[in-house]
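4 protein chains.
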Amino acid sequence: MSMIVDMLPLRVRYSDTDQMGTFYNSRPLEWFECARTELIRSKMGMSYAELEAKGFYLPVVEAHLEFHSGARYDDLLEITSKASFSSRARLHFDMLVTHSGSGKVCVRGFTVHAFTNRQGRPVRPPEWFCELFEAAALRNTAPPAES
Amino acid sequence: MSMIVDMLPLRVRYSDTDQMGTFYNSRPLEWFECARTELIRSKMGMSYAELEAKGFYLPVVEAHLEFHSGARYDDLLEITSKASFSSRARLHFDMLVTHSGSGKVCVRGFTVHAFTNRQGRPVRPPEWFCELFEAAALRNTAPPAES
Amino acid sequence: MSMIVDMLPLRVRYSDTDQMGTFYNSRPLEWFECARTELIRSKMGMSYAELEAKGFYLPVVEAHLEFHSGARYDDLLEITSKASFSSRARLHFDMLVTHSGSGKVCVRGFTVHAFTNRQGRPVRPPEWFCELFEAAALRNTAPPAES
Amino acid sequence: MSMIVDMLPLRVRYSDTDQMGTFYNSRPLEWFECARTELIRSKMGMSYAELEAKGFYLPVVEAHLEFHSGARYDDLLEITSKASFSSRARLHFDMLVTHSGSGKVCVRGFTVHAFTNRQGRPVRPPEWFCELFEAAALRNTAPPAES
Numbered sequence: 001m002s003m004i005v006d007m008l009p010l011r012v013r014y015s016d017t018d019q020m021g022t023f024y025n026s027r028p029l030e031w032f033e034c035a036r037t038e039l040i041r042s043k044m045g046m047s048y049a050e051l052e053a054k055g056f057y058l059p060v061v062e063a064h065l066e067f068h069s070g071a072r073y074d075d076l077l078e079i080t081s082k083a084s085f086s087s088r089a090r091l092h093f094d095m096l097v098t099h100s101g102s103g104k105v106c107v108r109g110f111t112v113h114a115f116t117n118r119q120g121r122p123v124r125p126p127e128w129f130c131e132l133f134e135a136a137a138l139r140n141t142a143p144p145a146e147s
Numbered sequence: 001m002s003m004i005v006d007m008l009p010l011r012v013r014y015s016d017t018d019q020m021g022t023f024y025n026s027r028p029l030e031w032f033e034c035a036r037t038e039l040i041r042s043k044m045g046m047s048y049a050e051l052e053a054k055g056f057y058l059p060v061v062e063a064h065l066e067f068h069s070g071a072r073y074d075d076l077l078e079i080t081s082k083a084s085f086s087s088r089a090r091l092h093f094d095m096l097v098t099h100s101g102s103g104k105v106c107v108r109g110f111t112v113h114a115f116t117n118r119q120g121r122p123v124r125p126p127e128w129f130c131e132l133f134e135a136a137a138l139r140n141t142a143p144p145a146e147s
Numbered sequence: 001m002s003m004i005v006d007m008l009p010l011r012v013r014y015s016d017t018d019q020m021g022t023f024y025n026s027r028p029l030e031w032f033e034c035a036r037t038e039l040i041r042s043k044m045g046m047s048y049a050e051l052e053a054k055g056f057y058l059p060v061v062e063a064h065l066e067f068h069s070g071a072r073y074d075d076l077l078e079i080t081s082k083a084s085f086s087s088r089a090r091l092h093f094d095m096l097v098t099h100s101g102s103g104k105v106c107v108r109g110f111t112v113h114a115f116t117n118r119q120g121r122p123v124r125p126p127e128w129f130c131e132l133f134e135a136a137a138l139r140n141t142a143p144p145a146e147s
Numbered sequence: 001m002s003m004i005v006d007m008l009p010l011r012v013r014y015s016d017t018d019q020m021g022t023f024y025n026s027r028p029l030e031w032f033e034c035a036r037t038e039l040i041r042s043k044m045g046m047s048y049a050e051l052e053a054k055g056f057y058l059p060v061v062e063a064h065l066e067f068h069s070g071a072r073y074d075d076l077l078e079i080t081s082k083a084s085f086s087s088r089a090r091l092h093f094d095m096l097v098t099h100s101g102s103g104k105v106c107v108r109g110f111t112v113h114a115f116t117n118r119q120g121r122p123v124r125p126p127e128w129f130c131e132l133f134e135a136a137a138l139r140n141t142a143p144p145a146e147s
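Residue numbers (the numbering used here), protein chains in the order written: chain A, 1 to 147; chain B, 1 to 147; chain C, 1 to 147; chain D, 1 to 147.
Treat the hints with care, as some may be off.
[Unchecked claim] No farther apart than 20 Å at their CA atoms in a straight line, the calculated lysine to aspartate or glutamate pairs in the EDC-like style are these: (1) B:Lys104 / D:Glu62; (2) C:Lys43 / C:Glu134; (3) B:Lys54 / C:Asp74; (4) B:Lys43 / C:Asp75; (5) D:Lys43 / D:Asp94; (6) C:Lys43 / B:Asp74; (7) C:Lys104 / C:Glu134; (8) B:Lys43 / C:Asp74; (9) C:Lys104 / C:Asp94; (10) A:Lys104 / A:Asp75; (11) A:Lys43 / D:Asp75; (12) A:Lys54 / D:Asp74; (13) D:Lys43 / A:Asp74; (14) B:Lys54 / B:Glu127.
Just so you know, these hints were derived from the structure itself, not from any lab.
One chain only, chain A, in its complex shape (with noise of 0.2 Å):
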């Protein structure tokens, strides 16, 4: 299964944080995006936004979230994404977020993703976007090359 891999370093604002002192429950949803987006920018060449202007959009179906340690305001976390198709037109993104160091999991997730127009009406996905992640996955997993 072709798969892209990608890290988003991230600070914890402090809009992120609730009284119990650590990051409110629905900020991982927009650290996701935050890694989404640039998973696509850097390994796929394009931005998630150039796609929107094309018509094409990626809504979320379904999310999934397991939390496994707190974070604190400022602290520096590792969303580490990995995007790929579960199906002819689902895109899948597995979400891990650790804490930079000590690599500590602080939250598992996933999300899903339907293509859609802008309607809303489910569509297939462009031939030219699945070609983008068809390379952006080969040059993903290349073993590097010799020095």
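Following the hints, complete the assembly by docking chains B, C and D onto the known chain A.
Chains B, C and D only, in chain A's frame:
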């Protein structure tokens, strides 16, 4: 000056709090929006959604906040809003957030709104809106009928 | 299995929307929190704030969301929550968000909560909480009295 | 007057947008917080988290926002912050949000912060903080060394 006054009771959500134990400083702007929505609905007999459906938008062009006291999760607040035209094409909402019961002031502030079209260009407020506003202001300040 | 059912009407705020025109995907987790708060208050006769004041916390340890249809600014939704113990020390909230009136399903999901102390360590749910829960569940499922 | 200037590049998140297609009006207050955090870290050589760990807090007591132009999802912005003491115990942050590249002004504003203890009572800023501030301000305004 014509003015419409309304009050919205509102509870502090857990998601409103931050690690200081009070609401995060940006939340009152969301509460102000809730109060404007309900003022327009309950006093003007229309919804802001309808205004947008007719192609008129009221983006915030200026906002001010003064923080007088904190509020905790689940505290019941009262958001008092006073709407008036500060010029021919600017709506001004004077806002006061108090603790229900004690009346202790929590936040004072205001927002100023321009009338724009869908593209964000300034437009004159539609005549029917101004008429609804004036009628609401008259009802609002009328002395209560004798019983 | 003992279960408490509650329903919270809730309007989509402007701040809930994103540029796709529907609510942003993390917002239902905030709505779920509002629904839990009101279920505990209205059915168990206590507030979650009191539970925390007594040193017990109910952090989310798992959350799941399925997105079935969008909802627009100012839409009136109904958040139905069903609370039950999924184990001796885990509370499970089954969640359903529907459009008021049409009943159209908007979001399905659940959250699982652990009992912890202020330091985040797992603890047994206090006896008095379990008793309040059982009493509420009994009232909740009792056939309505004949009139 | 001693002043520290810093600039933070920041991308508009999808979660920052609303159905008008630009950022929701409360988001700049969250961006301001990110900029303050990084100014303190990069210019003063400490973190705001450390300040809180030592028992000092800097809650916002006043905030002002002027909205000059919109910004879309994924737009790259520059948040310029200028910190100064507006009185013996009040920190003032002058804020400017511009579009990266064009330099077009997006938002102007400011926040005013009091020094308080953990209980929220006003306190004098600690001497060591003032010294770090002065040293940073001196470095900040020093003419660049000849190369």
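Hints the structure fails to honour: 7
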